[in-house]
Amino acid sequence: MANVPADLKYVASHEWIRVEADGTVTIGITDFAQGALGDVVFVDLPEVGTEVAAEADIAVVESVKAASDIYAPLAGTIVAINEDLVDAPEQVNEDPYGAAWFFKLKPANAADLDALLDADAYTALCEG
Amino acid sequence: MAKRTALYDKHLEANATMVDFAGWDMPVNYGSQIQEHNAVRQNAGMFDVSHMTIVDVSGSDSTDYLQKLLANDVARLKEKGKALYSGMLNQDGGVIDDLIVYKADNGYRLVVNSSTRAKDLEWMQKQMLGFSNLSLTERPELAMVAVQGPEAIAKVKLVKPEAAVAIDGLKVFQGRPQAEWFYARTGYTGEDGLEIMIPEAEVAAFWQSLLEAGVQPCGLGARDTLRLEAGMNLYGNDMDETISPLQAGMGWTIAWEPADRQFIGRAALEAEKAAGVANKLVGLVLEGRGIMRSHQKVIIDGVGEGEVTSGTFSPSLECSIAMARVPVATGETCQVEIRGKLIPARVVKLPFVRNGKKVYE
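Protein chains in written order, with the UniProt record's numbering: chain A, 1 to 128; chain B, 1 to 361.
Bear in mind the hints are in silico, worked out from the structure with no lab data behind them. Note that CB positions come from ideal geometry on N, CA and C, so glycine has one too. Honestly, I wouldn't trust all of these hints.
What the hints assert, rightly or not - Listed next, the in silico DSSO-like pairs over lysine-lysine satisfying Cα-Cα at most 27 angstroms (straight line):
| no. | chain 1 | residue 1 | chain 2 | residue 2 |
| --- | --- | --- | --- | --- |
| 1 | A | Lys104 | B | Lys341 |
| 2 | B | Lys357 | A | Lys65 |
| 3 | A | Lys65 | B | Lys297 |
| 4 | B | Lys160 | B | Lys10 |
| 5 | B | Lys68 | B | Lys80 |
| 6 | B | Lys68 | A | Lys65 |
| 7 | B | Lys3 | A | Lys65 |
| 8 | B | Lys160 | A | Lys65 |
| 9 | B | Lys341 | A | Lys65 |
| 10 | B | Lys297 | B | Lys358 |
| 11 | A | Lys65 | B | Lys280 |
As the list claims (entries may be wrong) - Ranges between beta-carbon positions, derived for each pair:
| no. | chain 1 | residue 1 | chain 2 | residue 2 | range |
| --- | --- | --- | --- | --- | --- |
| 12 | B | Arg4 | A | Glu90 | 25 to 35 angstroms |
| 13 | B | Gln91 | A | Ala124 | 54 to 64 angstroms |
| 14 | B | Lys157 | A | Ala124 | 44 to 54 angstroms |
| 15 | B | Val19 | A | Asn3 | 20 to 30 angstroms |
| 16 | A | Glu90 | B | Val19 | 20 to 30 angstroms |
| 17 | B | Val19 | A | Ala124 | 17 to 27 angstroms |
| 18 | A | Asp114 | B | Pro327 | 31 to 41 angstroms |
| 19 | A | Gly49 | B | Gln42 | 41 to 51 angstroms |
| 20 | B | Ala201 | A | Leu113 | 55 to 65 angstroms |
| 21 | A | Ser13 | B | Lys349 | 15 to 25 angstroms |
| 22 | A | Ala56 | B | Phe173 | 44 to 54 angstroms |
Just chain A, same shape as in the assembly (with noise of 0.2 angstroms):
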């Protein structure tokens, strides 16, 4: 089974969200989204200070066999991107919840967060 920490938020197209003390969000994508990717090969990521609207793809993974989006769950300005990645990309699916963030993300509404899906129900849409 994947593993879908109970201390993070989720959207239904398989980014995680963890919120941070300084009220940025830091995103990456589920163990289930990299078991279903496969062998992550290259990761693509949008610049610092791009601002983005909630669900714009701003970002890119390709595994072996496919190319797959990355969405903003949230609206929001880029303020940090995890250049690590982009030379480590089989970090996805070593340690898709540590090592393989993706990008943070500052909020344009605090509010928006409450929107996002809590482990069980994000678990329960894997499922279905």
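Guided by the hints, dock chain B onto chain A, whose structure is given.
Here is chain B on its own, set in the frame of chain A:
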């Protein structure tokens, strides 16, 4: 419900991710397709290819029939067990399918793609008109396992010593039976190895013994990256009924001599040659970041445009490689449009990898 091969339970036992492939429930990987790929390049891997369609062609008319049906010439098969690769073309010179044909006791054995089985059989039956001593027999009761890699043949002999009599001395593209089994030194990976046809009831035990001997089960994912590195066409990607073998890197499979052999598609190919073949199939090595995928546009400055027919990440070369159909005047460089960006690529001669080594310049 999708069809299952005799190895279905073995795939589940090995935690395979199963996908639908041409109506068959087949393993796409057993975890990491890169590890599977590397096992074949460095040691030995095995593939369940039981979904492929085996058809025996028998009767005294079988040679004449296949000389009409196939662009390559079965008369080149001098001894029993020898095999050749051929396109089966339509009247317009388009490729209906690609296949391997083995010379057998009283005729020939064909192995065709499962994705094209129905139309292949229909076409083959239609072309039987005018041949009286000829029969086609499908052999669904035979399973097929490809064991591939530098250690593949040694592993097969280790777990099945009685097979040595069939395997020892086999040349590339040659097969030999042993009891109800048939061993052929062929494959779809660019490595040495065997494709073995096995009675269904015996295949699971054979698979298990290879597993215990350290042979890595490999899925369709690794099969695709291995064949692409080896520069081998995939039907439906790199050629189809609208593409002639001359534009699909299959010119070498057309037997033009004897000049009076009227194989189906010959007139169209001759006309195409006379008019000048427009495109060629080449290898691409991406020089920038990204992964090439089928249907991406290829732009060649001053020449024109082409299209990626198969693209992937190459586990052996650790960069993106592709096969692409481009105008014949294409030189050594091009650009590939990947997600809205133009990325430079180098044009190379196929294949990319043979026997574990990079071979292009």
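Taking 20 to 30 angstroms as the stated bounds, is the beta-carbon spacing between Glu90/A and Val19/B within them? 22 angstroms, holds
**Study point:** Restraint status (C-alpha distance of Lys160/B to Lys10/B at most 27 angstroms)
**Key:** 19 angstroms, holds
Would the hint linking Lys341/B and Lys65/A be met if the CA-CA limit is 27 angstroms? 20 angstroms, holds
Q) Using the C-beta atoms of Ala56/A and Phe173/B, is the stated range 44 to 54 angstroms upheld? A) Distance hint for Ala56/A, Phe173/B holds at roughly 53 angstroms.
* To do: Determine whether the Cβ-Cβ distance between Gly49/A and Gln42/B falls within the hinted range of 41 to 51 angstroms.
  => 45 angstroms, holds
* Asked: Quick one: are Gln91/B and Ala124/A within 54 to 64 angstroms, going by C-beta?
  -> This hint holds: roughly 56 angstroms between Cβ atoms.
Next item on the list: For the range 20 to 30 angstroms, tell me whether the beta carbons of Val19/B and Asn3/A fit it or not.
Entry: 23 angstroms, holds
message: Taking 17 to 27 angstroms as the stated bounds, is the beta-carbon spacing between Val19/B and Ala124/A within them?
response: Taking Cβ atoms as reference, Val19/B and Ala124/A lie about 24 angstroms apart, which means the hint holds.
Is it true that Arg4/B and Glu90/A lie within 25 to 35 angstroms of each other by Cβ?
32 angstroms, holds
Practice item. With a cut-off of 27 angstroms on the C-alpha distance, tell me whether Lys297/B and Lys358/B pass. Key: 26 angstroms, holds
* Asked: Between Lys68/B and Lys80/B, is the straight-line Cα distance small enough, at 27 angstroms or below?
  -> 20 angstroms, holds
* Asked: Is Lys357/B within 27 angstroms of Lys65/A, Cα to Cα?
  -> 22 angstroms, holds
Checked against the numbered hints given earlier, the structure breaks hints 6, 8, 18, 21 and satisfies all the rest.
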